[in-house]
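**Q** Using the sequences and the hints given, assemble the complete structure.
Here are the chains, one letter per residue:
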Amino acid sequence: MTAASASRPLTPPRPSRAVLRQGLAVIWSGMRRQRLLSTVAVVGAVLWASATVATAWAIGHVTGTIITPAVTAGSVTSAELWTIFLLLAAVLLVNVVGVILRRVMATMAGFNLQAGDRRKVTRQYLRLPLTWHHAHPSGQLLSNAHSDIEATWQVFNPLPMAIGVVVMLVIAGVQMFVVDPLLAFIGLLVFPGLFAANLVFQRFMSPLITRAQQLRAEVSEVAHESFEAGLVVKAMGREREETDRFRVVTHDLRDSLIAVGRTRGVFEPVIEAIPTLGTLAVIGAGTARVASGDLTAAEVVQVAYLFSILAFPVRALGWVLAEIPRSVVGHRRVDAVLRAGGSMEYGRHEVTGAGPAHSRSDTVEFAYVSQVGREQLGADVDHGSVAAQGPTERVPAIRGVTLDVPAGSTTALVGPTGSGKSTLTNIVLRLVDPDSGTVQLDGIDLREVRRGGVPDVAALVSQQTFMFDDTVLGNVALGTDVTREQVEESLRIARADGFVDHLPHGMDTEIGERGGTLSGGQRQRIALARAIVRRPRMLVLDDATSAVDPSVEQAILKGLREARDGMTVLVVAYRMATITLADHVVYLERGEVVDQGSHAEVLERCSGYADLVNAYSREAAERAALAAEEEGS
Amino acid sequence: MTAPTARREPEGTEGSRIGGSQEMGTLDTLRRGFELSPELRRGLGVTVVLALVATVGRVLIPFVVQQTTDNGIMATGGPDVGFVLTAILLAAGVVLLTSFAQYLVNLRLFKAAESGLATLRMTAFRHIHDLSVLTQSTERRGALVSRVTSDVDTISMFVQFGGLMLLISTAQIVVATTLMVVYSPLLAGVVYLCFLPLVVLIRWFQPMLGRAYGEVRARVGDMLGAISESVVGAVTIRAYGVEERTAARMDAAIEDHRRSAIRAQVRSVLAFVSGQSFAGLTTAVVLVVGTVLAVDGRISLGELLAFLFLVNLFTQPVLMATEILNEMQNAVAGWRRVIGVIDTPADVADPGEEGVDQERGPITVEFEDVAYAYPGGETVLRDVDVTIAPRTRVAIVGETGSGKTTMAKLLTRLMDPTSGRVLLDGVDLRALRFDSLRRRVVMVPQEGFLFDQTLVDNIRFGKPTANDEDVALALTELGLDSWVEGLPHGLQTQVGQRGESLSAGERQLVAIARAYLADPDLLVLDEATSAVDPSTEVRIQRALEGLTRGRTSVAIAHRLSTAEAADTVIVVDQGRVVEEGPHRDLVGRGGVYTAMYASWASQQQEGS
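These protein sequence lines map, in sequence, to chains E and P. Everything in the first sequence is counted per the numbering used here, starting at 2 for the first residue and increasing by one. Everything in the second sequence is counted per the numbering used here, starting at 4 for the first residue and increasing by one.
Take the hints with a grain of salt, since some may be wrong.
Simulated crosslink set (EDC-like; lysine to aspartate or glutamate; CA at most 16 Å straight-line) [claimed, not checked]: (1) 121(E) with 254(P); (2) 121(E) with 246(P); (3) 121(E) with 151(E); (4) 121(E) with 258(P).
Hints are computed from structural coordinates only; laboratory data are not their basis.
**A** Structure (structure tokens):
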């Protein structure tokens, strides 16, 4: 939490030669995905560009054909005046329609693309394994789904105008060639100039933007983590230290954005100056041509005028070019998520049995991958994130465990804190795959089971419950097809009916983000009801009543005992009341099964187990003895 | 029947007690925004001068080009090559000067804008931490994050370019107006008459746009909230196979955002196009009226054409200004939300300088007729009159929902009582400085949050000045050294997101070590060992007992082993303190505690 520990070293991303090409590829892919809207937007841009050129033409036309003769004649008819007005209004109408089509359609295309990417990215978040989530801070993932995607498609805002500018340039270019190819050639030298400037710009810009987007993600990460830790920060009075931590990343972001601005600040005036210098070159060369008698003065003026009306719109071209590095970087970061591998493969089998399920895990090994460095999304240009990943290390958590949970049995998994019990339950339910060994449900290897097949059969109530920002009802049902009565019934078994009835709207009360309006014990009971309502054939309870007081815990266990017919139960437990529910006890230490059998057998054979389960009563006895001694003395 | 209730009420109409929707006017928002980011104003004078230089250059160039063509190429008696070359070189010089001035302007603006916004982020971040837990929890974390990230980003476009462009546009409008009046007051009048309806229209469009952009900002917050759920709830979502439902909820939020963003943009396009239409119509009307005037001989044809050039000089900044006003509404929408956070009063506030500073030492706690009710909710604690003597170990017991945790939160001033007082050594908690309070009183909550850092950094959170040896010593004293040795990298083990590489029990061990290292005068444990195995729990309890001797401690526990070890037990039932006294007195009294203890004891007896 010191400032230093918060600021992680950033590997400088390699500058890419191909940013422009990649940027155009991103734009092209976007236009293809939004073909109709893009086409209409381009049509609008063409209309706008034509109307803009036509405005100059129309003013020239009415000046030549109506105004000048009228002034010379000293009289004008209202018909002539109407002609002036209507001609200009007509061009204006085309212009306005063009602008509306161009901007509205481009906006829609851009936001459609953003929404589409957000759907894809969030689907990845749901699909990628938990190990991937461990390596990617939540705040960074939020930033990816928002700011990176926005960065990718923001280029669609100035894009159609830039396309319109290209159209204008083509019209102007053709006119210039008609007037004088040599002048046109000199004028069009502007383009290689723009291109060269842009190339230099992209080269400098993309590493800067990469860093800025990464820092944006880190600002989001620190903020997300720090706000999640709100209670602890307050309870320990560490607001100042947290603010210092946020300051480090915020200032890094500020400096990197200023660096971006410095580069962009050079680029824009340059892009703006080049066409103007081109105009001057045309005039200079044109004057020489007029002097040598190859051209008339009027022709040169016409070309110069064409250039001058382009001066402002050409800036739009600059905006697009300036946006491209951001777009490419955003795209890379999004793409890194979309292409992240290591997803869980599913088979096609159903777990079809009826009645209690049989779970068997054979010589299961599992190690956590602890990452020393930090992955930086899309930092590497070419391929994926392999090179950007820090060194990893495997930490064994489960070592050669064989766990058989017979159908209809209740098995207790007991072991000291950190012995691997939760990890084992995650493996049994295929929340993670073991590194070696097999896990079966009713004799079917879990890897053969279709997606969603395991949750249909087995339900987990984990130690730390997660509540959705929804009603009690919604949190229990989670979209499954159950009746209100069934939800009520399961709330009753979980002994949650009492407090739920007291909520302002009963089951329909919104419980806030993460169930923030409830206590830990209340959340645990709703989580329990969530599992029970599904009538699972196997129920896995991971110390699921730790925050519930003993009398309620007993009532819940009693309810479960009655309801458990037709259910296999695997329960992680510390306390006697829970353990005595079990037919079979498996005692774990440091990821290995040390002993198993009935409670009485293990209690007799295994001293570690006896120490654990008798800790309270032994403590009570010792205290009582001590108290008696004190009183006696 | 259980369709996912994916859509929630728009933020602000429900729940959130953090401000920032529509209450602040545009000008007030800007004023407050500049006040909060003084960097935005710093050196603005020089920037404006440089910007004016750049603008003059930009206006000058077409003028020079025009002069060159009129007096050089079209010069009577053939093109004047010498004049043209001079003019071109001059113009090129102006271009370079303009570009350089523009570069300086860009640089200064970027610096000012980013520095100002960094300050704004920091202020908002700090203030969010200063808000009470209760106020914080009225808004989703994702939405809070958006207030220091994307809401601030929204402002940057405007403060980088918009504000200055608005200024320059105004200057350009003034210059153009002056020139127009000089050329032809009548036509100038015509131009202004044509633009009058636009002023009315802008005044109508602006608030509409403001609302639309405000809606977008709120939808971004909702969207981040929904996405955050899919990331933080990854385990539950997988365990229950509810990916599709979660996806549907996120899609609804994403779609709401898309719609609102498009709606706002379409409105902004309409606002721009109406400005453009007026500009175009103005040109047409000026041409018609000008023709009539020219025919009457009141102006020359040349003057008319020159005037058209001026109209263009006038309409361009006007259009630019409408565009920037649109962008400004976007920025203001973001600004409002950030300012909304900053200006939300911290309801449980540090008394600051006026507060009392207390020396460290044995602590006495008194609850004086304390009651607490959640805002708009029922009373969860009432008539609490309790005194906790120095150097005593107190256990608070009671059923879930009886008000135990509320007592702990009042004691640590995470909340203030609705009535009555909580006193620390005779001083009302509300008068005690936070620095002093947090040094003396530390709470270990049930779910101690861990940061994605190493174990040692997480423990050091309790006392930032501690070194690795201090941390190791604390762990040894708590009897946790062998646990740490069993971890892959010992103290240097990375604990992962929210500490998820550790089990819930292990996270609690870290939280306790953290509080122990903080070494407070009063330690409040709220179910701090609920997920720890019994023998470790007993061991820690003993260690803490030895170490908290001479200190006051308050433990909230379901497991009555804690109560047995305490000097005094406070029994809470339905928001009231019903019994108080040592375990051995209460256990035989035949009240609530007797029943609780019987239930507890029976659980321990089975099988052993």
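**Q** Each hint needs a verdict: does it hold in this structure or not?
**A** Hint check results:
Taking the CA atoms of residue 121(E) and residue 254(P), the gap is about 10 Å. The hint holds against a cut of 16 Å. For the hint pairing residue 121(E) with residue 246(P), the CA-to-CA distance comes to about 13 Å; that is within 16 Å, so the pair holds. Taking the CA atoms of residue 121(E) and residue 151(E), the gap is about 14 Å. The hint holds against a cut of 16 Å. Between residue 121(E) and residue 258(P) the alpha-carbon distance is near 13 Å, which keeps this suggested pair within the 16 Å criterion.
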